[in-house]
Each structure stands twice: as C-alpha cells, then as structure tokens.
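Each chain, written out:
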Amino acid sequence: MSDMDDMDDGSGIIKKFMFLNRKAPHGTVYALEGLEVVLITAAFDQDVSLVFTDDGVFQLMKGIDSKGIEVKDFSKTYRALEGYDIEKLYVDQASMDARGLTEDDLIVDVTVLSVDEMANLMAEQDVVISF
Amino acid sequence: MLHIVNKSAAERSSLESCLRMATKGSAVLLIEDAVYAATTGNAAAAKIQAAAADLKIYALGPDLAARGMAARVLDGVNVVDYGGFVDLVAEHSNCQSWL
Numbered sequence: 260m261s262d263m264d265d266m267d268d269g270s271g272i273i274k275k276f277m278f279l280n281r282k283a284p285h286g287t288v289y290a291l292e293g294l295e296v297v298l299i300t301a302a303f304d305q306d307v308s309l310v311f312t313d314d315g316v317f318q319l320m321k322g323i324d325s326k327g328i329e330v331k332d333f334s335k336t337y338r339a340l341e342g343y344d345i346e347k348l349y350v351d352q353a354s355m356d357a358r359g360l361t362e363d364d365l366i367v368d369v370t371v372l373s374v375d376e377m378a379n380l381m382a383e384q385d386v387v388i389s390f
Numbered sequence: 200m201l202h203i204v205n206k207s208a209a210e211r212s213s214l215e216s217c218l219r220m221a222t223k224g225s226a227v228l229l230i231e232d233a234v235y236a237a238t239t240g241n242a243a244a245a246k247i248q249a250a251a252a253d254l255k256i257y258a259l260g261p262d263l264a265a266r267g268m269a270a271r272v273l274d275g276v277n278v279v280d281y282g283g284f285v286d287l288v289a290e291h292s293n294c295q296s297w298l
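Top to bottom, those sequences are chains A and B.
Its first residue numbered 260, the first sequence is counted upward by one per residue in our numbering.
Its first residue numbered 200, the second sequence is counted upward by one per residue in our numbering.
If you're looking for bench data, these hints aren't it; they were derived computationally from the structure.
Some hints could be false.
[Stated by the list, open to error] Chain B side only, calculated, beta carbon under 10 Å to chain A, not exhaustive:
#1 N205
#2 Q248
#3 A249
#4 A250
#5 D253
#6 A264
[Claimed, not checked] Okay, derived cross-link-like pairs now, EDC-like style, lysine to aspartate or glutamate, Cα gap no bigger than 20 Å in a straight line:
#7 A:K335 to A:D385
#8 A:K326 to B:E231
#9 A:K326 to B:D280
#10 A:K347 to A:D375
#11 A:K331 to A:D375
#12 A:K321 to B:D253
#13 A:K335 to A:E292
#14 B:K246 to A:E329
#15 B:K255 to B:D280
#16 B:K223 to B:E210
#17 A:K331 to B:D274
#18 A:K275 to A:D306
#19 B:K246 to A:D313
#20 A:K335 to A:D356
#21 A:K275 to A:E341
#22 A:K275 to A:E346
#23 B:K246 to B:D280
#24 A:K331 to A:D306
Note that the Cβ used here is the ideal one computed from N, Cα and C, for glycine as well.
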C-alpha cells in the first residue's frame, strides 16, 4: 500500500450543497452559469438541492423560444438533470404567486415549498452557492 | 418622449422611477427582463395597467418569447418586434433608458 492510499483525500465525504437561483434566465448570465456549475458538481456525487426563488422561477418556464434574441435556449437542460442524479428541485411558493405561475407552467417536476420550509432547507445545508 | 426599461421590476426600481417621471402621452418600451412586468399575474402588472391609462406601453416580442411569456401579455400592452423598436426611437424626439 502506498502512502497515497493512507492519506485522507476527502473522497467519499458527501456534503449537502444548495444552489440558489434568483435571477431571470436571459437578462444576465447568472442562470446559465449556475446551471453549468450544477452540471459540474454532479460529477462529484454530492447531495445537491437546486432551489429557485424570486425571478429565478422564470428559469423553469415552459415554451421558451430564444431564437429571436439569438441566445441559447438552455431551459431544456433542466430536464436532463435527472440523468445526472440531480432530482431535488425546489421552488418558492411566494415567488410563484407573485409572478402568476403554477407548477403547470414549469418545464420540470418541482417541489413547491413555503417560506418556512425553504428557510429550514437552507439552514441544513453545508454549502450554499448563489446565482 | 420614449422611455426604455430593461430590468425586472422585482429586482430594480427602474420601472417605478420611469412611471413616476413619464409624462402623459409618453411611450414606455419594456425590453429584456423588464417584459415580465407586462405579463398576467406578475406583481407589477397592476402598475403597468394603471400607467396604460396615460402612457403608451410597449413590450419587445422577441424578449417575451425568449422568456416563455408571449402568451401572457397584459391587455393594453402593444407587442413590437425589433423593427417596431427602431420605429419607436425614430418617432420620438428623445428617449431615456432607465439603466
């Protein structure tokens, strides 16, 4: 056995990561960049929760057609997350209400949380990364 | 005067500032993330509808479509394409972008 094998390199430790998305999809680059980081994180077998609040809920809208503004439509990528074992998607009820949205308007299945549930979910994370 | 707003009313105060300053008969064009304010059920929709009594409200169609909002536009809001955007700029003697 080599020295390398004796060292604790931290592999095997699973932390709770929350990615908190608060921005609308195209007006800034945050939504796309956040999604890229989530996909990278998927390679590390961590306990990932993806949360959408405020204008972030707009990232999950059905029927996005971005040809007219000549930018990539990355909304369909959210549907591929399941294939990367990222299955915990949450949206904030109050943010949905303030925008006239229901779960039927969204491109993926999500769990809708009240503000208290969202606050508890955030509090129990090891790491929160905000976009 | 043509007023142009490009930020979400949920994030910035630019729409509110614009509506406060815009004089009767002026035009307000919503682009980029500002288009959400002109959609049904949005918290800013009431402000837009109230403003539409004195102002002409426009929203950029390609930005609505890119956000999945093309079918949710408020009554009284005129949807324009990029050609319409150019026409609005040309028709008005001056414009203000609320950055």
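Verification of the supplied hints:
Interface restraint check for N205 of chain B: the shortest CB-CB distance to chain A comes to about 7 Å, inside 10 Å, so the restraint holds. Interface hint status for Q248 of chain B: violated, as the beta-carbon distance to the closest one in chain A is roughly 13 Å, over 10 Å. Annotation: A249 of chain B was flagged as interfacial toward chain A, and the flag is violated, the nearest CB pair being 17 Å apart, outside 10 Å. Against a cut-off of 10 Å between C-beta atoms, the interface hint on A250 of chain B is violated, since the closest Cβ of chain A lies about 18 Å away.
Taking 10 Å as the C-beta cut-off, the interface hint given for D253 of chain B is violated, the closest approach to chain A being about 24 Å. Because the closest C-beta pair between A264 of chain B and chain A is about 4 Å apart, less than 10 Å, the hint holds. Restraint check for K335 of chain A and D385 of chain A: the C-alpha separation of about 28 Å exceeds 20 Å, so the hint is violated. At roughly 14 Å between alpha-carbon atoms, K326 of chain A and E231 of chain B fall within 20 Å of each other, so this suggested pair holds.
Proposed proximity of K326 of chain A and D280 of chain B is supported: the alpha carbons are some 13 Å apart, at most 20 Å. Of the supplied pair hints, the one linking K347 of chain A and D375 of chain A holds, its CA atoms being roughly 17 Å apart against a limit of 20 Å. Between K331 of chain A and D375 of chain A, the direct Cα distance comes to roughly 35 Å. Violation of the 20 Å bound is thereby established for this hinted pair. Between K321 of chain A and D253 of chain B the CA atoms are separated by roughly 33 Å; this puts the pair beyond 20 Å, and the hint is violated.
Using a Cα cut-off of 20 Å, the hinted pair K335 of chain A and E292 of chain A holds, with the two alpha carbons roughly 15 Å apart. About 30 Å separates the Cα atoms of K246 of chain B and E329 of chain A, which puts this hinted pair outside 20 Å; it is violated. The hinted pair formed by K255 of chain B and D280 of chain B meets the criterion: a straight-line CA distance of about 16 Å does not exceed 20 Å. The hinted pair formed by K223 of chain B and E210 of chain B fails the criterion: a straight-line CA distance of about 26 Å is larger than 20 Å.
Note on K331 of chain A and D274 of chain B: the hinted pairing is violated, with a Cα-Cα distance of about 29 Å set against a maximum of 20 Å. Of the supplied pair hints, the one linking K275 of chain A and D306 of chain A holds, its CA atoms being roughly 5 Å apart against a limit of 20 Å. A threshold of 20 Å between alpha carbons decides the hint, and for K246 of chain B with D313 of chain A the separation of about 19 Å falls inside it, so the pair holds. At roughly 23 Å between alpha-carbon atoms, K335 of chain A and D356 of chain A are farther apart than 20 Å, so this suggested pair is violated.
Proximity of K275 of chain A to E341 of chain A is assessed by CA-CA distance (about 17 Å); at most 20 Å being required, the pair is judged to hold. Restraint check: the Cα-Cα separation between K275 of chain A and E346 of chain A comes to about 13 Å, which is no more than 20 Å; the hinted pair holds. Taken as a hint, the K246 of chain B and D280 of chain B pair is broken in the structure, with Cα atoms around 23 Å apart against an allowance of 20 Å. Among the hinted pairs, K331 of chain A with D306 of chain A is inconsistent with the structure: their alpha-carbon atoms are about 28 Å apart, more than 20 Å.
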